[in-house]
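Chains as they are written, first to last, in full-length UniProt numbering: chain S, 1 to 388; chain L, 1 to 134.
Treat the hints with caution; some may be incorrect.
DMTMM-like mimics (lysine to aspartate or glutamate), calculated; alpha carbons at most 20 Å apart, straight line [what the hints assert, rightly or not]:
(1) Lys34(L) x Asp321(S)
(2) Lys154(S) x Glu99(L)
(3) Lys304(S) x Asp319(S)
(4) Lys3(S) x Glu222(S)
(5) Lys306(S) x Asp254(S)
(6) Lys56(L) x Glu222(S)
(7) Lys154(S) x Glu82(L)
(8) Lys34(L) x Glu132(S)
Here chain L is said to cover these stretches of chain S; the calculated rule only asks that three of the stretch's residues, wherever they fall, bring their Cβ under 8 Å from a Cβ of chain L [to be verified]:
(9) 195 to 208
(10) 233 to 244
(11) 289 to 300
Here are the in silico distance ranges between beta carbons for each label pair [as the list claims (entries may be wrong)]:
(12) Glu71(L) x Thr257(S): 51 to 59 Å
(13) Glu47(L) x Glu132(S): 46 to 54 Å
(14) Pro98(L) x Asp364(S): 34 to 42 Å
Treat the hints as calculated values from the structure; they're not laboratory data.
If you're wondering where the values come from, they're calculated on a predicted model, not measured in any experiment.
For every residue, glycine included, the Cβ atom is placed at its ideal position computed from N, Cα and C.
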Amino acid sequence: MEKPVIIGVGMVPVGEHWRISLRDMATEALLNAMDDAGIDKVDSLYVGNMASGSFIEQENLGALIADWAGLGNIPAVKIEAACGSGGAAVQEGAKAVMSGLEDVVAVVGVEKMTDAWPTDATRYLGYAADAEYELFHGASFVALNALVMRLYMKTYGYTEEDLAHFSVNAHRNGARNPYAMFKREITVDTVLKSPYVADPIKLFDAAPMCDGAAAVIITSKEKAKELGVPKDKMVELAGFWRAIDTVNLANREDFLTLKAAKVAAEKAYKMAGVTPKDIDFFEVHDAFTVMAALSLEALGVAEKGKGAILAKEGQIAIDGDYPIQTMGGLKSRGHPVGATGVYQTVEAALQLRGEAPEGIQVPDAEVGLTQNIGGTGSNITVNILRRV
Amino acid sequence: MGRPMQVARHWRHFREKYALIGGKCENGHVFFPKRPVCPVCGSRNVEEYQFSGKGKVVSWTIVRNPPSGFEYYKPYPLALVELEEGPVVLAQLTDVDPEEIHEGMEVEMVTRKVREFGEDGIILYSYKFRPVLK
Ligand SMILES: [Zn+2]
């Protein structure tokens with residue numbers, strides 16, 4: 001089956017956007033992506049969003065954003081897979097194009113988190129966990145990841161310092177990305193001296209609450225040619241899949257294996273015809289440092305229990321063997337939950353087009369991988385992008 | 001915060017949350033909570049199963065920035081507890097000094113208040129785990 005291509009990307013800087021509403025943020029990212037692709041209409045819209053109903057009392061985002069952006073009476077829906085919504089929405093857009101039913105598809109990921117009171121926002125993020133058996137007991141999302149982090153450190157003998165290197169790497173890259181929320185470098189000390197949110201997770205082990213929107217335009221290669229899109233602006237969605245695992249962390253067979261990522265990655269690698277060694281950079285879901293480590297293991301980049309070593313030894317830097325979080329990742333660019341997967345896609349496309357900012361362009365990048373986690377590893381998307 | 005606190009939503013869980021009742025399939029697999037399909041073998045022949053309430057701590061954390069509704073209780077310890085019958089449950093630890101918590105700590109189930117709602121007046125109880133009284 002012919003693989004679809006991304007022909008346009010757009011985003012707004014991630015941050016605390018007190019003056020901009022969800023609909024305006026989404027529309028801005030969407031119109032940027034359409035301008036980038038050189039088009040003024042699309043056949044349908046897929047919106048990646050996790051919890052607009054809770055954060056801003058607004059659902060029906062498909063209609064809201066398509067209407068606001070003047071897209072006419074097209075099909076438009078919201079795709080929800082917790083913090084993995086954005087990556088999932090990209091896949092639904094790709095599938096629509098591959099089916100032949102829709103020619104040119106827009107995907108926008110958006111989340112407006114700072115309109116909510118912080119403890120309420122913490123509660124809404126907890127909705128991605130099991131309401132009756134996790135949130136009920138007062139488990140925040142951070143707390144669930146903290147249980148995993150403690151177990152990871154204990155099982156493999158890592159310290160908080162070992163994992164801090166993931167945050168340091170993310171900030172080093174994010175400092176060079178004009179769209180990142182935190183454009184400043186940090187040291188291991190910054191992480192270690194930050195306060196505990198849920199022990200052993202500290203403030204600087206975790207991604208921030210923020211707002212953001214990113215968008216991509218997806219079409220077939222044939223249609224892209226017809227539209228006159230130059231080849232160096234096309235990025236192929238070479239392989240993609242997603243899979244689920246137990247929502248309730250306690251029910252997991254192995255707390256230290258992201259089974260859903262493993263399954264999704266195996267299928268995506270096969271579809272793209274590549275192995276982990278062929279991937280030039282990885283945008284993994286580092287909502288928490290331990291999740292970056294577990295992701296590298298599930299994606300086949302590191303052996304089980306050895307993900308943290310790659311960070312410690314610097315192999316995850318832009319000039320390392322396995323660059324990750326090239327534009328700052330969730331930690332530094334920011335994690336507007338339902339938008340994150342689309343930001344990752346935009347960033348990967350920019351890397352492959354050779355348009356990444358100075359200092360964080362991965363030289364001669366041919367293939368990139370994005371991995372987007374919903375829940376505590378319960379709904380995971382893997383997308384592989386390739387230069388055309 | 002909205003008001004998702006209908007009484008029925010909670011009383012339908014009373015048996016499992018007050019008494020730690022889970023499920024057991026026809027092939028002897030036990031799990032918590034009880035669910036319609038055995039997660040191990042896929043059997044749909046599942047009965048209620050009463051757990052002993054004894055277990056040990058697998059991992060734990062101290063929740064310092066809780067979700068709304070739990071502000072009053074912070075900080076509080078939360079743990080993954082492996083029951084002696086095998087399954088793992090997530091619950092708060094109680095009657096314990098955070099300094100004392102350690103991996104492998106033997107705990108037992110007790111019924112405690114989880115939270116109460118000012119406006120609705122509902123008080124929620126559930127299993128928590130405390131160090132085994134020697
Ligand atoms: Zn069974």
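For each hint, the structure was consulted:
no. : hint                             : result
1   : Lys34(L) x Asp321(S)             : violated, 46 Å
2   : Lys154(S) x Glu99(L)             : holds, 17 Å
3   : Lys304(S) x Asp319(S)            : violated, 23 Å
4   : Lys3(S) x Glu222(S)              : holds, 11 Å
5   : Lys306(S) x Asp254(S)            : holds, 16 Å
6   : Lys56(L) x Glu222(S)             : violated, 60 Å
7   : Lys154(S) x Glu82(L)             : holds, 16 Å
8   : Lys34(L) x Glu132(S)             : holds, 12 Å
9   : 195 to 208                       : holds (count 7)
10  : 233 to 244                       : violated (count 0)
11  : 289 to 300                       : violated (count 0)
12  : Glu71(L) x Thr257(S): 51 to 59 Å : violated, 34 Å
13  : Glu47(L) x Glu132(S): 46 to 54 Å : violated, 20 Å
14  : Pro98(L) x Asp364(S): 34 to 42 Å : violated, 51 Å
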